[in-house]
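Student: Protein chains in written order, with the working numbering: chain A, 1 to 312; chain B, 313 to 666.
No lab work stands behind these hints: they were computed from the structure.
Heads up, the beta-carbon is just placed ideally off N, CA and C, and yes, glycines get one too.
Be aware that a few hints might be false.
[What the hints assert, rightly or not] Keeping only pairs whose Cα atoms sit at most 30 Å apart, straight-line, the calculated DSS-like set for lysine-lysine is:
(1) A:Lys292 x B:Lys616
(2) A:Lys47 x A:Lys97
(3) B:Lys651 x A:Lys79
(4) B:Lys616 x A:Lys97
(5) B:Lys616 x A:Lys79
[Unchecked claim] These stretches of chain A come out as covered by chain B in the derived footprint (C-beta under 8 Å, 3 or more residues):
(6) 31–43
(7) 46–56
(8) 100–108
(9) 126–134
(10) 195–203
(11) 207–219
(12) 258–270
[Stated by the list, open to error] What the simulated footprint calls covered on chain A by chain B, stretch by stretch (three residues with Cβ under 8 Å from a Cβ of chain B suffice, anywhere in the stretch; the number is not a length):
(13) 114–120
(14) 297–310
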Amino acid sequence: MSIFLNNSGDIILDAVLTDEGRRRLAKGDGTFKIVKFALGDDEINYKNYDLTAPSALKDQDIMSTPVLEAFTNNAASLKNKLITIADKNLLFLPVLKLNQISGVGRIVASEDNFSGGYIIPVETSQTSTTTYNNLTGSSSNQPINGVLRSTLDFIAVDQGIDSSTLSKLVSMKDAASGFSSLYETEYNIIIDSRLGIIQAKNSGVELQGKSIDDDGMAIYSVREGNTEYVNQIVASEAQKNNNVILGNQGSRLQFNIVPTAAAISTNNLFNSLGFSVILNSQNFTAIRTSVKVVGRTTGYTLDIPVIFVKKA
Amino acid sequence: MANSYKYLSDNDRVVSSTDLETSVAISQSNWSGSGFQTLTSSYFTGLTGSTSAVRYFDVTVGRHPDTSGANTSQGLMEKVYTEMAKVLLGTDVSGNILNFAFDSDVDASNNPMYNAYFLNFSRDYFKDEFKKGSFNLNFSCSLGTASLVDKSGSAEVTASSCPVGEYARLFISGADSDLRVVDDNRVQGLLFYQAGIAVVSPTVFAKSGSNAYVSGNTNFTDNQRGIWLTIPNASGSTMVDQSILSSSANLQTASYSLYANIQTASFSSVTEMHSTLYFCRLFNNEFNYSSNPTYLTNSQIYVKNGDPLSLPISYITTIGLYSEDDQLLAVAKLSEPIKKTPEVEAIIRTRLDF
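One chain only, chain B, in its complex shape (with noise of 0.2 Å):
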């Protein structure tokens, strides 16, 4: 019985999975005169929908409940603070929803992130999740240069477990010292992966000195907690102090603080690849003649020139996969023909990945 079709067995069928993982480095260059808007009901700011613009990530502002101020602004930035713990941390045993917190570098036990800037990236560019390890965000103002970076994957630091996947928490490096409001490779942030927002805090950008934001510092009071100090303005050339988040505030105005001070980021996305190799094994007496119309003159297989004993030839540049109604459901191409006889047999193994 002649067949066209060979059924595939289950010894036929693999599945396997795979990391692939890509390089992603961004500069200002890539998003700088592109604009800045607000987005959401005023909660979130980003690139405008400029043609040259990428919009790799929007930027928005939180501060913690707990703190003062009754301004509109600051209602915002506490149902943002609220929203974005819900979601990446959770709530506790009585229902109560987590803080972010520093590393106990920082404080001694139970020390919250009372504001925080949210880097929401694009899922473009980050994929199914950060690579570990990979993430590096560089800030220049005028008071210096910074780096937050991610060092996951050394010895003492591992990814800790929430409601969305993994994060870790992201270390100042690198400093200038009119930055060093900490010592370098103190937690100044948090990095959750697969949700793909870094958290950043606004004492990244706390000057040095009395104004230290520093376990143990007199000059903060609880309310001045939320309170942000010296943070370079849009431009960079002057500070702006405490007020920000005063009365006169905006949360926009406090996303751009950030938005224009981060000069690279660079990190690596990880898209997580489900295969399917189909071995389409090719035996020495199968697939050897052709219903091709070329195939034959006059019903006569033309490749043999009359030589019924001559082998039969075929070529193959087409590999189709298909459901038992005959429908072509994949398809695979060779980048040159393979001769096919019955002196030759083969294995195709032919991915599909999902």
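For reference, chain A alone in the conformation it holds in the complex (with noise of 0.2 Å):
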């Protein structure tokens, strides 16, 4: 008995170009190069896997899952990506966390309307202390939680298994750990480049290398060996209580964030895209954004609220 072949496994797709890839068309510079690929699972939710049903119904939740028209924005599409692993056996993938312990990262703020970010003076650090000034505690003259201003206060970025099952001891580094493949070596960190740069959290030179697309957001790349930025988490007795991760320990990203000469500069921005904020009886002009911070070897991206905040 003869029955048609399955030709399911050839699929053609029509591409739409994104807002960027338009503009290097446009430039007809020669950087529109495609290269490579990669793919998504945006619109799914693991958590509709089904582990208590029959095999076959397992993912029946998830392959009923609408998917949405292609974004022509480029920083809209590809948030998830799928991961090239070698090893099939693995139970455990590496995360990035954010580390607010004192001395290795920036503790978040907490007060209304900044809750969960960092906030970023909006003004030169060396000639202006306006904002900077105000951004203080009821009770205390000191800057309020989530304040970046100076080199030593930066944010901290742990990457490693976020299970208490692993040792907090063991670096994925290792070979031994089973993961070093996924230690992550570099990373890129997306900014709105109208607002902020990064910069190193000592030094406070600012990254170089960075990209930046047609919707004004920058892309820095840092990698480790650049020990500014990226370091081997140290997974000792010792250091243990300075690691957020509970599990096996991988890299550490930190870095700094200070506003644009224009931001500083000009209140087009804020007038158009900010909202104003009471604290302590001063007025605040504030934009809330993010930071993305992405690694580059498993894909895993963590976004951090930023709030670029100036006195009004």
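With the hints as a guide, bring both chains together as one complex.
Tutor: This is the structure we're talking about:
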């Protein structure tokens, strides 16, 4: 008995250019060059995988997930990428996590309107402190949590297996951990270039080599070896209290954010995008955005809320 | 080493080209009532900017500089004729602008089309070019009806090359007897495929009989060759005699004489589509894990349910095409998720049209 061959293994799709793709085509400078592809699953909620159902029905809900039409904004598509890992018997994957332990990374803000984010005073740190000095708590003259101002106030992102079933004293970089191929050696930091730039935590020097897309989003890349930014987390008894990852430790990314000269000198963006905030009877104008950190190896993404604040 | 990108090799890219054809059929109801206006320093006439009107084409009129006439409109018409001939036909080896000419069926040799309507179609409708053999223009006036058709593709008719691509002759077809200035199947116009311009001889309206514009008709002097005969006026109810090109005539009136009598136009447009096919090959050991935040619970892969030996599973909904510096340049979506496991391989052909 012959049946028709299943040809579902060969799928034909029509792609659409993103806004950045169109911009590069229009520039005509050879920067429109497609060299690689990635796969995404942004619509999928894996928690809809029914672990208790018969095997044929476990992903019934997932397979019926409606898929949205393509977004042409290059920053809006493929937020979650599929990963190629040779070992098919992995039970854990590393994550990225904010480290807010004193001395490692700044704690996020807890005040209304700023809660959960980092606050960037938009003024020239060398010549003006108007905004910074007014971002104080009600009972002290100290800046509220989350304010990034000096080279000592920086953001820290830890990578690792965030499960207490694995030892906190083992580094993913060790081959014996079984996760050495997932150790992040390179990160992308994506920020709205109209508002902020990425600086080294100690030297205060801007990270070089960024590319800026049509929407003004700057992509900075930094890799291990640039010790001002990426370092292996020390997985030792002495250091374990500085680590937020519950299991095997990966790498740590640290950086600072400072406002751009344009954001300091003009109020255009704050007038069009900002909202008013009152803190301790002081009026501010703020813009809420986020900085995205992407691990180049695993594709894991962490969105960090950031609020740029200017004294009104 | 884990990775979320896969590089495309030269074998994963194929460039192809296909023609996309679209049928277009318009009738006078599409433009009637929308008015008529003079455009571009009186040279062209076309529809007004009425919101209900679609500007399918503009109309203008030209006459050969050798024909008589001295009024302003005639001067404009000569400029139009010269410009159109220069652009569409070019010049001879001596630099002289060539003339629009009828097919040799009408005159034995070098039979210029002394007067011509020019229908400049909007590129929105004919796209890259008219499909050969698809053009059909139907007229209706008080003398009757007739059609001009492009017979390219038939055995005896072939397209010719010109500076703006290719053109072919338009044949009169199905003309009522009063309009039958020449036999059916005679040339009364030209069609420039890539330029989107139809050139129509006013003799398409010439009444049969003694005034018929045919070879050897002694009623015509050289000077009169540029004068039209018995062309229906705008309302189609009465005739406009050869004075249409006399001192009282103007370009807009002459243009309208054609515009008002076109009943329908139909053709197929051709858009040349250039595509690049990217073969995104997913091998069994690739793309089986996800960076989706719902994929993990406390760093543990949810779908494995605590069993390291169960196969990893991922679901594909999107394909992104990237530059070397990780910028997403094109994106394609699947209609439904595809399940990917180490037991599955797939080739996703992603086509990008230009």
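Student: Indicate, hint by hint, whether the structure satisfies it.
Tutor: Here's how the hints hold up against the structure:
1. A:Lys292 x B:Lys616: holds (28 Å)
2. A:Lys47 x A:Lys97: holds (21 Å)
3. B:Lys651 x A:Lys79: holds (19 Å)
4. B:Lys616 x A:Lys97: holds (23 Å)
5. B:Lys616 x A:Lys79: holds (23 Å)
6. 31–43: Answer holds; 13 residues pass the 8 Å Cβ test.
7. 46–56: holds (count 4)
8. 100–108: violated (count 0)
9. 126–134: violated (count 0)
10. 195–203: violated (count 0)
11. 207–219: holds (count 3)
12. 258–270: That given contact is violated, which follows from only 0 residues of the stretch 258–270 of chain A lying within Cβ reach (below 8 Å) of chain B.
13. 114–120: violated (count 0)
14. 297–310: Per the Cβ count (5), the hint holds.
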